[in-house]
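Chains as they are written, first to last, in the numbering used here: chain Z, 1 to 328; chain A, 1 to 251.
These are calculated hints, taken from the structure and not from any lab test. Some hints could be false.
[Said to hold, decoys possible] Cβ-Cβ distance ranges computed for the label pairs, FRET-style:
#, chain 1, residue 1, chain 2, residue 2, range
1, Z, TRP107, A, GLU147, 55 to 63 angstroms
2, Z, VAL181, A, GLY75, 36 to 44 angstroms
3, Z, GLY152, A, ALA65, 58 to 66 angstroms
[Claimed, not checked] Per the computed footprint, the stretches of chain A lying under chain Z, defined by three or more beta-carbons under 8 angstroms from a beta-carbon of chain Z, are:
#, region
4, 17-23
5, 75-84
6, 110-121
[Unchecked claim] To list a few chain A residues with every Cβ distance to chain Z over 12 angstroms, as calculated:
#, residue
7, ASP31
8, LEU129
9, LEU150
10, GLY177
11, SER236
12, ALA243
Think of the CB as a built atom: it goes at the ideal place given N, C-alpha and C, for glycine as much as any other residue.
Listed here are the chains, written in short residue letters.
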Amino acid sequence: MSAIPSTTRTWCLYAGGLLVTLLPLAVLSGDLFWVNILIYTYLFAGLAVAWNIIGGFGGQFSLGHGVFFAVGAYMTARLYLGWEISPWLGMIPGALLCATIGPLVFWPTFRLKGSFFAIATLAFNEVGLVMANYLHTVTGGPRGLQIPFKAGLGNMIFADQCIWALIMFGFMALCVAITIVLMRSRLGYYLLAVREDEEAAHAAGIDVTRVKLRDTALSAALASIGGSLFAMYIRTIDPPTLFSLADIGVKFALIALIGGIGTIIGPVLGAFLIIPAESYLRAVMGGGLPGLHLVVMGGVMLLAALFMRRGVAGALDALWRRRSRSAS
Amino acid sequence: MAAALEKRLMTEPFFSVRNVVKRFAGLVAVDNVSFDVSRGEIVSIIGPNGAGKTTLFNLLTGQLAPNSGEVRLNGALINNLPPDQRAKLGLGRTFQIAKPLIALTVIENTMMGAFLRYPGLRASEKRALAILEQVGLADRANVRASELTLSERRRLEVSRALALEPQLLLLDKVMAGLNPSEVTESIALFRRLHDTGLTILLIEHNLKVVRAFSERVIVLDHGAKIAEGDATTILSTPAVVTAYVGTRKRA
Ligand SMILES: Nc1ncnc2c1ncn2[C@@H]1O[C@H](COP(=O)(O)OP(=O)(O)OP(=O)(O)O)[C@@H](O)[C@H]1O
Ligand SMILES: [Mg+2]
């Protein structure tokens with residue numbers, strides 16, 4: 001009797017779960033308003049899963065992931081606009097760059113604990129914003145980059161929004177799959193040990209710094225790919241959009257937090273709760289009082305923080321345990 | 001190459017500590033301490049509260065760097081290596097304040113040590129379970145570490161250290177707070193481990209335990225080594241008695 005769930009069972013479970021998230025797409029595929037919301041839901045689910053690797057499992061509460069997202073967006077757009085490099089390929093250098101700068105920037109920051117680390121990475125996001133405004137040749141400065149509509153698979157530009165929904169779904173599935181592989185390996189266990197107690201991990205033979213750097217690289221690279229997809233989907237990117245804390249940098253963490261930090265499905269659940277609710281509220285209330293949807297979302301998050309300390313995934317887990325206990 | 005290594009193993013002491021010093025802003029916590037440990041020995045370190053025992057351990061296993069002095073394992077200088085590399089070389093330790101990874105289960109805690117020699121998930125789990133059986137925690141394998149009692153936490157600390165298959169096991173007051181029958185069980189466990197060839201260096205407050213199973217005793221006071229020898233002789237040395245009676249009065 002092993003405590004490690006069997007490989008086949010795990011994969012079937014998660015594959016089944018992910019397929020369920022395709023149901024709303026099947027039902028709503030004719031409704032552009034909802035397809036657009038679904039596109040963002042899959043994208044942010046993937047991004048929150050990517051963030052969760054280092055932020056949740058690794059316990060390094062990064063608020064700087066918006067920079068990786070932005071690097072991916074700029075890199076892909078620039079390569080496409082300047083040299084007509086297909087975004088499918090253009091995603092790769094961005095991801096590699098983030099896998100390099102992520103560890104480099106976080107390295108000195110890892111000495112900081114808890115909220116100090118979060119604040120330092122928040123500053124990283126602000127530095128990114130300043131640089132994006134300044135580096136005209138790459139980013140187009142404050143005016144940003146516009147990608148003309150030229151449909152084609154190689155251009156990653158599509159007239160049919162449902163294709164985008166499937167691509168974003170693929171990104172989410174990729175992030176989930178990578179997390180599963182990681183968390184079912186020694187390296188994933190090491191990440192947990194480092195989060196729980198660095199000194200104990202160190203004494204148990206774990207190279208704490210290396211674990212953090214490696215998983216930052218992975219998490220940053222995935223966030224960068226998310227940024228690349230985002231850029232090609234909206235086709236117009238500028239610094240205030242990419243470096244927005246409320247909509248990008250802090251949102252990855254919030255989604256994971258609401259859904260259940262440090263669990264594989266938590267960030268996906270979080271995205272399916274927050275993104276549709278927020279988009280809907282924005283559409284419904286936006287006409288009346290601008291920003292009212294933010295107030296409502298803030299309230300929801302406050303309640304979640306008060307009553308679901310371990311997120312939706314944690315609450316469901318507790319409910320499940322209580323039921324199985326009363327059943328037996 | 002191999003011959004040279006063999007020669008070194010023959011002539012060098014297994015574990016040697018030479019003139020290590022650790023200062024904390026004005027306070028000399030470890031003051032020029034030297035001693036050797038031979039393969040297969042059980043050595044106790046005793047001394048009043050604040051004598052510098054835990055600080056000395058931290059110098060040996062790499063949590064702290066000494067201001068000066070040398071630590072050698074099998075003749076190789078190790079005092080510049082970080083804790084994880086010393087663990088790889090065979091130093092396993094427990095912490096005075098147990099450090100369970102509380103969100104993880106008992107077996108997962110133990111696997112963290114076992115991965116060092118068994119990188120695969122299943123192999124490490126198997127090894128960890130064998131260790132848990134050895135220390136008597138097998139029936140708690142799938143319980144979260146946060147739910148353990150004090151004595152179980154101490155045993156978990158030992159399991160994680162044992163799982164990395166150390167040559168030298170360093171125990172920092174693993175029996176403090178245990179009831180007499182738990183202490184007896186612990187001593188039996190460490191005797192069994194010792195019989196399999198493990199070398200043990202332990203910090204211990206309970207003189208009964210020290211007398212019961214250490215072959216040699218080192219006494220620290222105000223950071224300095226004030227005595228060293230076999231248990232019976234040391235525990236009747238006037239300087240040691242004074243150091244100890246001194247603490248009792250202070251406490
Ligand atoms: N990180 C530190 N910074 C400053 N002073 C320290 C630090 N660690 C220990 N000390 C001081 O060094 C001295 C030795 O402490 P240490 O913990 O090594 O004693 P000990 O012999 O293990 O005591 P006990 O029996 O109570 O565990 C004490 O005076 C302690 O206050
Ligand atoms: Mg101590």
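Taking the numbered hints from earlier one at a time, note which ones the structure violates and give those numbers from smallest to largest. 1, 4, 8
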